[in-house]
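Asker: Chains as they are written, first to last, in my numbering: chain C, 1 to 112; chain S, 1 to 113.
Hints in this document: simulated from the structure, not taken from any laboratory. Think of the CB as a built atom: it goes at the ideal place given N, C-alpha and C, for glycine as much as any other residue. Hints may contain errors.
[Stated by the list, open to error] The list that follows gives simulated cross-link-like pairs (lysine to any residue, SDA-like), each with its CA atoms no further than 25 Å apart:
id, chain 1, residue 1, chain 2, residue 2
1, S, K41, C, A10
2, S, K40, C, K55
3, C, K99, S, M46
4, C, K99, S, S71
5, C, K99, S, T100
6, C, K99, S, N58
7, S, K40, C, I13
8, S, K36, C, R42
9, S, K22, C, P40
10, C, K99, S, E24
11, S, K22, C, R42
12, S, K40, C, N27
[Stated by the list, open to error] Residues on chain C that point at chain S, a partial pick, calculated with CB under 7 Å:
id, residue
13, Y28
14, R42
15, G43
16, P44
17, F46
18, G103
19, A104
[Said to hold, decoys possible] Computed list of chain S residues with no C-beta within reach of chain C, every gap over 12 Å:
id, residue
20, M15
21, K18
22, K19
23, L45
24, S62
25, H79
26, Q82
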Amino acid sequence: SQKIEQNSEALNIQEGKTATLTCNYTNYSPAYLQWYRQDPGRGPVFLLLIRENEKEKRKERLKVTFDTTLKQSLFHITASQPADSATYLCALFSGGYNKLIFGAGTRLAVHP
Amino acid sequence: ETGVTQTPRHLVMGMTNKKSLKCEQHLGHNAMYWYKQSAKKPLELMFVYSLEERVENNSVPSRFSPECPNSSHLFLHLHTLQPEDSALYLCASSQDYANTEAFFGQGTRLTVV
Numbered sequence: 001s002q003k004i005e006q007n008s009e010a011l012n013i014q015e016g017k018t019a020t021l022t023c024n025y026t027n028y029s030p031a032y033l034q035w036y037r038q039d040p041g042r043g044p045v046f047l048l049l050i051r052e053n054e055k056e057k058r059k060e061r062l063k064v065t066f067d068t069t070l071k072q073s074l075f076h077i078t079a080s081q082p083a084d085s086a087t088y089l090c091a092l093f094s095g096g097y098n099k100l101i102f103g104a105g106t107r108l109a110v111h112p
Numbered sequence: 001e002t003g004v005t006q007t008p009r010h011l012v013m014g015m016t017n018k019k020s021l022k023c024e025q026h027l028g029h030n031a032m033y034w035y036k037q038s039a040k041k042p043l044e045l046m047f048v049y050s051l052e053e054r055v056e057n058n059s060v061p062s063r064f065s066p067e068c069p070n071s072s073h074l075f076l077h078l079h080t081l082q083p084e085d086s087a088l089y090l091c092a093s094s095q096d097y098a099n100t101e102a103f104f105g106q107g108t109r110l111t112v113v
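Build the full structure now, drawing on both the sequences and the hints.
Answerer: Structural data, given as structure tokens:
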């Protein structure tokens with residue numbers, strides 16, 4: 001069966017450290033993968049998109065990697081801050097299904 | 001603000017009520033979406049409209065009825081809902097159907113009593 005898996009347990013880290021979140025998928029061949037941030041009671045906000053032929057994408061303190069062999073994307077926040085605390089969602093675009101499919105998200109808590 | 005506005009932000013309705021959720025975007029996007037988000041579950045795609053035509057209906061019960069009168073507005077009409085329909089309902093838009101980033105509204109927190 002097809003699945004997108006994100007760690008359901010919250011990730012707690014100390015301010016200033018690098019946060020790494022994982023998105024694994026099975027039985028999809030995504031054309032691209034996206035990461036969103038969602039704060040409580042609000043809609044997701046787009047952060048980064050990485051295509052299947054790209055290994056890595058960066059935006060300020062954010063970095064995303066995409067390994068189509070491992071079927072995994074890693075999302076890194078360097079020099080994390082308490083304001084980075086939120087739930088982070090990965091979403092992949094499945095050409096076969098022609099739609100964007102979301103994972104359940106991982107909650108990140110950055111402690112001062 | 002993302003450019004996608006949803007109203008109301010909160011809604012409490014009885015199981016026999018009829019209500020509507022509204023979504024508006026002035027980003028010039030061609031595609032609009034309704035998602036349902038329940039606690040600890042992935043976003044569930046409900047409906048997709050591309051150029052005002054419905055292109056996706058993911059086996060959603062008929063008590064949910066979408067309407068897209070023009071490219072800027074999307075409605076979700078609700079009637080005879082069940083308590084398990086309580087969730088955050090999110091509207092999104094994208095430049096084209098499912099191949100670019102999605103812009104989400106703030107959502108409507110719906111409680112069915």
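Asker: Hints first: check each against the structure and report whether it holds.
Answerer: To see whether the hints hold, each was checked on the structure:
| no. | hint | in the structure |
| --- | --- | --- |
| 1 | K41/S / A10/C | holds (14 Å) |
| 2 | K40/S / K55/C | violated (29 Å) |
| 3 | K99/C / M46/S | holds (12 Å) |
| 4 | K99/C / S71/S | holds (19 Å) |
| 5 | K99/C / T100/S | holds (10 Å) |
| 6 | K99/C / N58/S | holds (11 Å) |
| 7 | K40/S / I13/C | holds (21 Å) |
| 8 | K36/S / R42/C | holds (13 Å) |
| 9 | K22/S / P40/C | holds (21 Å) |
| 10 | K99/C / E24/S | holds (21 Å) |
| 11 | K22/S / R42/C | holds (16 Å) |
| 12 | K40/S / N27/C | holds (22 Å) |
| 13 | Y28 | violated (14 Å) |
| 14 | R42 | holds (5 Å) |
| 15 | G43 | holds (3 Å) |
| 16 | P44 | holds (5 Å) |
| 17 | F46 | holds (4 Å) |
| 18 | G103 | holds (6 Å) |
| 19 | A104 | holds (5 Å) |
| 20 | M15 | holds (24 Å) |
| 21 | K18 | holds (25 Å) |
| 22 | K19 | holds (19 Å) |
| 23 | L45 | violated (6 Å) |
| 24 | S62 | holds (21 Å) |
| 25 | H79 | holds (24 Å) |
| 26 | Q82 | holds (22 Å) |
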